[in-house]
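Visitor: Protein chains in written order, with numbering that gives the first Met the number 0: chain A, 0 to 755; chain B, 0 to 755.
Calculated from the structure, these hints are not laboratory results. Certain hints may be false.
Lysine-lysine pairs mimicking DSS-like chemistry, simulated, CA-CA at most 30 Å apart [what the hints assert, rightly or not]:
no.: 1; chain 1: A; residue 1: 19; chain 2: B; residue 2: 255
no.: 2; chain 1: B; residue 1: 19; chain 2: A; residue 2: 255
no.: 3; chain 1: B; residue 1: 429; chain 2: B; residue 2: 354
no.: 4; chain 1: B; residue 1: 354; chain 2: B; residue 2: 421
no.: 5; chain 1: A; residue 1: 255; chain 2: B; residue 2: 5
no.: 6; chain 1: A; residue 1: 421; chain 2: B; residue 2: 592
no.: 7; chain 1: A; residue 1: 255; chain 2: B; residue 2: 255
no.: 8; chain 1: B; residue 1: 354; chain 2: B; residue 2: 317
All values reported here derive from a predicted model rather than from experimental measurement.
Each chain, letter by letter, is given below.
2 protein chains.
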Amino acid sequence: MTVQYKHIGTRRPLIEGREKVTGRTRFVADLQLPGTVYGRPILSPYAHAKITEIDKSEAEALPGVIAVLTAADLPTRDKVIRSRMTATLAKEAVHFVGQPVVLVVAENMMIAEDAVDLVYIDYEPLPAVTNLLTAIEHSSPAVWPNGIPKDESDMGSIHGGGGDDDEATKPTPKYNNIHAENHFERGDITAGFAAADVIIEREYTCNIVHQGYIEPHAAVTVPSPLDDSIDVYAAVQGKFWLRDDLAKLLDLPLHKVRVHSVDVGGGFGAKYGILDGLGASAAVALGRPVKIILSRSDDFLTTMPAPAIHLRVKTGAKQDGTITAIQMEAFCDNGVYFGWAQGWLIGFACGGYYKCDNLQIDVWEVLTHKPPIGAYRAPAMPQGTFALESNIDDMAAALGIAPFDFRRQNAAEPGDPAGNGKPWRTIGFKQCLDALADHPLIANPNLQANEGVGIAIAGWGTNVGPADATCRVDTDGSVVLQTGQVDLTSNSSAFVLIVAESMGVSPSDVVVVNTDTTGAFAPGSGGSQVTYSVAGAVRDAADSAAQQVREIAADMLEAAAADIELIDGQVQVRGVPDKALSLAQVAQNARSKRGGQGPIVGDGKSALPEPSPAASVHLVKVHVDPVSGKVTPRHYVCAQDVGKAINPLLVEGQMHGGMAQGLGFALHEAMIYDENGQLLTGSFLDYDLPQSDQVPTLEAIMVENPSPISPFGMRGVGEPPIIGGAAAVANAIRQAVGVRPTELPIRAEHVWQARL
Amino acid sequence: MTVQYKHIGTRRPLIEGREKVTGRTRFVADLQLPGTVYGRPILSPYAHAKITEIDKSEAEALPGVIAVLTAADLPTRDKVIRSRMTATLAKEAVHFVGQPVVLVVAENMMIAEDAVDLVYIDYEPLPAVTNLLTAIEHSSPAVWPNGIPKDESDMGSIHGGGGDDDEATKPTPKYNNIHAENHFERGDITAGFAAADVIIEREYTCNIVHQGYIEPHAAVTVPSPLDDSIDVYAAVQGKFWLRDDLAKLLDLPLHKVRVHSVDVGGGFGAKYGILDGLGASAAVALGRPVKIILSRSDDFLTTMPAPAIHLRVKTGAKQDGTITAIQMEAFCDNGVYFGWAQGWLIGFACGGYYKCDNLQIDVWEVLTHKPPIGAYRAPAMPQGTFALESNIDDMAAALGIAPFDFRRQNAAEPGDPAGNGKPWRTIGFKQCLDALADHPLIANPNLQANEGVGIAIAGWGTNVGPADATCRVDTDGSVVLQTGQVDLTSNSSAFVLIVAESMGVSPSDVVVVNTDTTGAFAPGSGGSQVTYSVAGAVRDAADSAAQQVREIAADMLEAAAADIELIDGQVQVRGVPDKALSLAQVAQNARSKRGGQGPIVGDGKSALPEPSPAASVHLVKVHVDPVSGKVTPRHYVCAQDVGKAINPLLVEGQMHGGMAQGLGFALHEAMIYDENGQLLTGSFLDYDLPQSDQVPTLEAIMVENPSPISPFGMRGVGEPPIIGGAAAVANAIRQAVGVRPTELPIRAEHVWQARL
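Chain A extracted, bound-state conformation (with noise of 0.2 Å):
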């Protein structure tokens, strides 16, 4: 049975999209306060040495400045930090190139810049493991010899105030550095190689790459005049998340840190709060507002990209195109921290991707003196996909059967067992792969000399969380929606066809607002969840609100609740169209009768038992340029299983995004570190971000494959597209040029080498 909605599934325009393509959005940046002071971190210039001596008698002198700050004055990670990401002082050590050692802060950021040069720190190196590669060697110095911090330890020290439980308890480990380990199986792996006729194993190298977000990291944080609470001013995707690190960095209740989320420049994972923490520190030590904004520089050194991963896949089939076994190992270069669980991402999507009986996937997450890695969108994903759909592709060619075929046989398909052994409940890789069947691409793709269609799957088991929302409708007729969200994606302009839908009204008389940390609740902004997490608990407050309106109306228009319509903005007795109310003429009664049912507000919840996992298919077409091995996508096509499109424009331009960061990933993107951990790359200039003019036509195919388990059919669509530009533009090359690319990004001089 197909649902017919008025609202939900049209194509709204954003809500916010006139003021951001304007440039009217105020950022962090733009937000001047009074009394603001202005901070500047100093960063480490070693990957790790000790810190002998911070003379801070000369910047201290320079009129304008307010303070130098060392871990001496702040609060360190004595107290922190469930997160691990949110920046506080090195206090005896430093452990990367970019840690933060001083913060000055002064009365404008012209002398908080002077007075950097004006802090001496004396640093004694110490010796430095870079490589990923290097670092699992036993030979090489261990990062945290005592284990990494653990939650509660002073990461500030030279070895770290104790390790984690399980670092401690661990036998003598395989690898040295190894922070992590993740172990996937089923099946038997010999056995499955040994029925193979073909066999394919190969290794392959991902660089580290940026999110690229265009606004830098920013921080505002105002001390209350009135008592130790703090009001905190964060382009972050977790504001709940960042308030209790905060609170726990602070020792404040968590009512105290109110976070307030402001729009966001780019988040893509890497916006959970990385200055916070040194901001609020910094205002409540000085009483004042303080402003940190980062340079362009400082944020490729002190932020939190993704990880380098180093890989090794070897699949086995039957000569009929049956996959009899797969086996990744996979080593995620962590730098100093956590690693975000991408070994178990890796693996219980990978290991998800086909049915085959037999199958290990072993991903080792290992430290280095590099900076932590974080979260970028869909984390490991495009990595770990790139490995695996690259030997997938290649066994279709052993073979000899087309990629796109090899792929519609294999893929998983619910009951099918996910990386973790688990079935999927549902999941739509066959349904993605159905709609291109007949696209040109696949059925004439017309290519020329040099050019080559690539394929590739992805899947992505999303996230989901509780939620709350709470909707009043006023006096005018118009309705409010408030929500606990950070609205990264425009998530807003979903919501507000689910409240048009349930109360009648046009999704212009919809206002959302986002309330700070002590109102309502959400999931963070990540892991494909938001609108999938809140919509039930949204869908469910207007479900209230409208009831209610029903009731009052009843007793107004002296008519039965059931009989009553929400329309337009009219709320009628069904059939009687002279007996109407206008919805504000209900709410003017609900917020004035004595005796009456009182204001109209419905509160919803949402707490869905799992996310709905999401698939999609990448096709891309390239031109190789055979003189400099130059590769150019020409076309690049996008099948993903969004369940249900709330506001498909929405999620078309979440497809397009990704598509692009893909490709990014693909052809562009690397952090190229020297053997001392020193960037090469930290600009702009260096790092090679796709211009609008590198990205092809993108085409986005919404595949509508409903999902049991959530409102409407809806899955999670902020994450796949970004999954398998990668792969694909590899297996476009390999079928352009005969070339398998193997490490990422594909540069045009390893290409053109390949071709020798």
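Using the hints provided, position chain B relative to the given structure of chain A.
Guide: Relative to chain A, chain B alone:
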């Protein structure tokens, strides 16, 4: 049955007390927003005049002047105004001394002040009528020849834009310049007087009294840099009312006017948004934040004090003390607009003080060329009660019955009619009198020479309106309550007790957040209604949240929800002390468990069917200096029926404040205008606000006579304490020296003269 409470009824220090007594509270004038410009209104020096020319060229040329705005530049009352309070600039004529004519806006306050002197306004004076009793004569000029301007009409024009409907259809009136009239009758007033043994008739005069708040009116409006919405930071008692007016004035949808209520430095009915319309209009016109702070003198000139009232009271009684007739006629000086239903208020309450079969009350609201009057704590009731209770006191003396006994014999009880003829459902005069029967001032006053004890009863209908509230439990176990109230009198310090009671937490773990006008709804903070109106919503929101806690904990503890109890922040199975969780653990589960019950969020609504009237009895002991006539209060006792004091410390504070203000009415305060409508007492040097050393010992006796209507049996408490003081002082003077004061304030020279 007496309900036992753990928190409700405890004397808990006010939440914001520390900030207020240490001077750290931020008021509107303390808000410094970037880019702010400063507005200063130029006020009319004439009570009635035509504006013939405004030359702003010289002022505009002054460096730092942003704009010199007239009615031509800003929206005027063409579009407004339900409340008639929101000031706009005069267009063609002025109608009172103090009416805003021009708004100068400059980069700072000093420049704005300088520019005021450079604006040349020419007026053509017109005949003005400023005296209440002159105005009602048909020979006087009509203030509004075509009737007072309608809500929608243009009050800036000379003759208004058309009269109120009831004005237009009125027959030739008995008096001139009457805006509204109220007539209350029961029984046969002629027969009542015919049956009387004693008749007392006298006239009384009450001068204009100002609310005397410490914080002058101030307004800050910030236009959004994103869209055409505005944020209004207002020290306002009715934020939704203000919001609606501003939206209408500025042609904005309601949600685009976000009113944030800022701490109010004294409201007393005066803070309903006089300046905000001007400030908001200018902010929108100029696209910059605009701040207006009235000087004390301008505040006296242009704001809305309590009316002058002239009253005639005639009562008749039998020798046995039965009151046979009460007749009152009152003329209220509205100034230039409407009169806040003060006529109705006098008649309703004063007509219900006593058992009396024959009653007639006629109240006339009179227009004069003076500032519009406003609401002042229990509007018109100190004046009406002064007149009636003086007369009743003389009657008791004439009958030879002790004043206390005479009241006890005749005071109304439930079932007796109020002034509108409907029976009081609940009224506590008797309970208050009973509570004072053994008080030394009654039982053993021990009076010295020239001392006397006066008594007065005082009743008040109070108000009520619908409200909603939301209650969430955060992951640290704190409880966040959202309401729409303006916390004028620390109502939050009562609400935390209600939430603590329901949720089994400490009141210090309850956080009250008063959202802006896009959030929860509550009636204005006036009419003694806020705690009364909102408490039920607060209780229901907390009860709902508590029930959710029980259900989640029941799952976690594998018990039945009915067996779960919430005590001291713990959630435990009754009788099984080992099976317990902290409230924090339950909230963490609720905000994280997939497939759980979802975040804990309870909403509550309240729409009580009627207010619960509040009675009080006032006893004042005075000393009169026989040489000078100077009256010194020695002791003031008020017994008030509070129904149930949620936080007695808060109620007591309300009573103390009201009693002090009642003494201001009695002995100190008057705004004196000359015959041209010029204010002679426009500063705190000339306007005699009582000083703390002029206030005697204040004894507040809270009588808890539960209302059958409300949660916990509460009643409104804010207004009754101001009502009876003036009457009690007058009656004490009569007892002390035999003089019957007939004018408020009671001046030493009048007492002295009367003794001659």
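Visitor: Each of the hints needs a verdict: does it hold here or not?
Guide: Do the hints match the structure? See the list:
no., hint, in the structure
1, A:19 - B:255, "holds (19 Å)"
2, B:19 - A:255, "holds (19 Å)"
3, B:429 - B:354, "holds (12 Å)"
4, B:354 - B:421, "holds (13 Å)"
5, A:255 - B:5, "holds (26 Å)"
6, A:421 - B:592, "holds (20 Å)"
7, A:255 - B:255, "holds (28 Å)"
8, B:354 - B:317, "holds (13 Å)"
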